[in-house]
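J.: Here the protein sequences come in this chain order: S and H. Sequential numbering of the first sequence, starting at 46, is according to the numbering used here. Sequential numbering of the second sequence, starting at 46, is according to the numbering used here.
Quick caveat, the hints were computed from the structure, so don't treat them as lab data. In this text, all values refer to a predicted model and were calculated from it rather than measured experimentally. Heads up, none of these hints are tricks.
Treat identical chains as interchangeable: a pair holds within one or across any two.
In silico SDA-like links for lysine to any residue, alpha-carbon gap of 25 Å or less:
#1 137 x 226
#2 245 x 207
#3 244 x 192
#4 102 x 222
#5 245 x 141
#6 62 x 82
#7 245 x 203
#8 134 x 226
#9 245 x 197
2 protein chains.
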Amino acid sequence: MTKKKEQMAEGQDTEKKILAAARRVFHRRGFAGARMQEIADEAMINKALLHYYFRSKEQLFEHVFREAIGYTLPMVMQTLSSEVPLEEKIEKFVHSYLDMLTEHPYIPAFVLHEINTEPGRLLSMLPIGQISECDIPGVLARQIDVAASEGRIRAIPPRQFITSLISLCVFPFAARPLLQIVLSMQGEEEFAAFIQERKKTLVPFILNALRP
Amino acid sequence: MTKKKEQMAEGQDTEKKILAAARRVFHRRGFAGARMQEIADEAMINKALLHYYFRSKEQLFEHVFREAIGYTLPMVMQTLSSEVPLEEKIEKFVHSYLDMLTEHPYIPAFVLHEINTEPGRLLSMLPIGQISECDIPGVLARQIDVAASEGRIRAIPPRQFITSLISLCVFPFAARPLLQIVLSMQGEEEFAAFIQERKKTLVPFILNALRP
DNA sequence: ATAAAGTTTAACCAAACAGTTAAAAACAAA
DNA sequence: TTTGTTTTTAACTGTTTGGTTAAACTTTAT
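Throw the hints in and build the complete structure from the sequences for me.
T.: Here you go:
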């Protein structure tokens with residue numbers, strides 16, 4: 046039985062090696078630009094074995110795409126639609142989102158490109174229930190209303206606020222190559238430092254923006 | 046001579062038809078996903094004529110890509126590095142940027158994807174002189190310093206401020222398909238209304254964020 | 001030892017694709 | 001009419017690509 050586990054572990058190991066390679070290749074090239082050969086090379090196996098594990102490019106891509114959406118969307122939805130006080134929620138959101146993106150910095154550009162070239166994929170992946178279930182604009186609208194009537198914040202259209210919150214966190218990762226040029230931060234570490242700095246300045250920035 | 050002009054006009058007409066088609070196809074599919082046949086179809090000509098005007102896919106793409114960069118980067122650089130008072134500059138930037146993006150809504154996702162898959166293209170397009178010439182962080186750093194010492198605004202790292210400014214304007218266009226689902230605004234007009242609303246709320250949002 | 005699953009090798013197929021070619025047709029200019 | 005340019009047609013080339021196949025080899029489990 047321990048041996049069976051090892052066998053499974055071996056099999057899962059190559060499967061994971063393949064998925065890790067596919068992730069890297071799809072993330073930097075997109076579906077259309079990715080080559081099965083490149084994925085096989087990066088996983089240090091051959092094309093035959095690649096098709097032995099995953100029947101087609103489409104199937105392999107779907108794994109990677111679902112995974113990318115899975116990393117991001119549920120977290121955003123849960124955090125934003127939870128019943129935490131608004132100010133606390135903002136801080137929590139910014140920190141956990143920036144941390145997650147630091148670990149998966151290529152997800153934004155990847156997802157943005159794929160949902161623009163094939164918006165249908167998104168719709169087919171998200172059962173409409175999931176979205177109406179956790180109604181972000183609804184929850185936030187109420188929180189904003191309450192906080193505004195208490196004089197804690199200025200009123201602001203919820204969808205504008207949500208958009209700004211996400212924009213401020215995600216965009217730097219999607220536009221990284223551009224920002225690195227315009228802001229003269231070429232190195233890996235310089236960008237990491239920039240994101241750490243952002244974690245500190247963004248929360249005050251947003252809270253201040255909401256101040257009455 | 047009028048006839049020669051007409052002939053030229055004819056020639057420029059098909060060239061423009063081709064470029065317009067190439068723009069649409071490249072913008073929605075990216076370089077790797079675009080097909081020369083699809084561009085020819087969309088321009089309502091045949092593939093032979095396409096290669097008669099533009100030798101290769103690479104060449105045609107470069108036109109479209111340079112054009113996209115040309116629409117955006119110079120405007121950003123000029124607006125942000127100009128010597129207009131900070132508050133006025135913010136308003137000017139948000140309005141002209143959102144207006145421009147409304148006319149070219151597919152540029153953000155297109156450019157973001159291409160610079161991520163081939164960062165070299167950007168570097169080769171921007172002679173380093175152009176960037177160091179109009180030193181955005183430098184100019185803004187001074188403006189922020191002055192305004193902060195006068196007590197008009199809070200201090201904020203210039204590169205964080207620049208990033209936020211751009212994020213808040215560009216991201217909604219790059220993430221449009223996602224936002225339309227999450228925020229329940231499916232129609233074309235609904236999104237347009239959202240952007241118009243954004244033009245009004247974004248300036249107060251940013252100015253407030255900077256308030257001491 | 002034997003069977004089963006995992007892995008490699010190498011050749012192969014069919015489709016998609018960028019790009020070419022040459023001849024004919026359409027068109028406008030002189 | 002003649003001349004030159006633009007456009008079409010349609011077949012074609014060469015390469016890349018996703019995917020397959022079959023046989024051999026390796027590893028692990030029983």
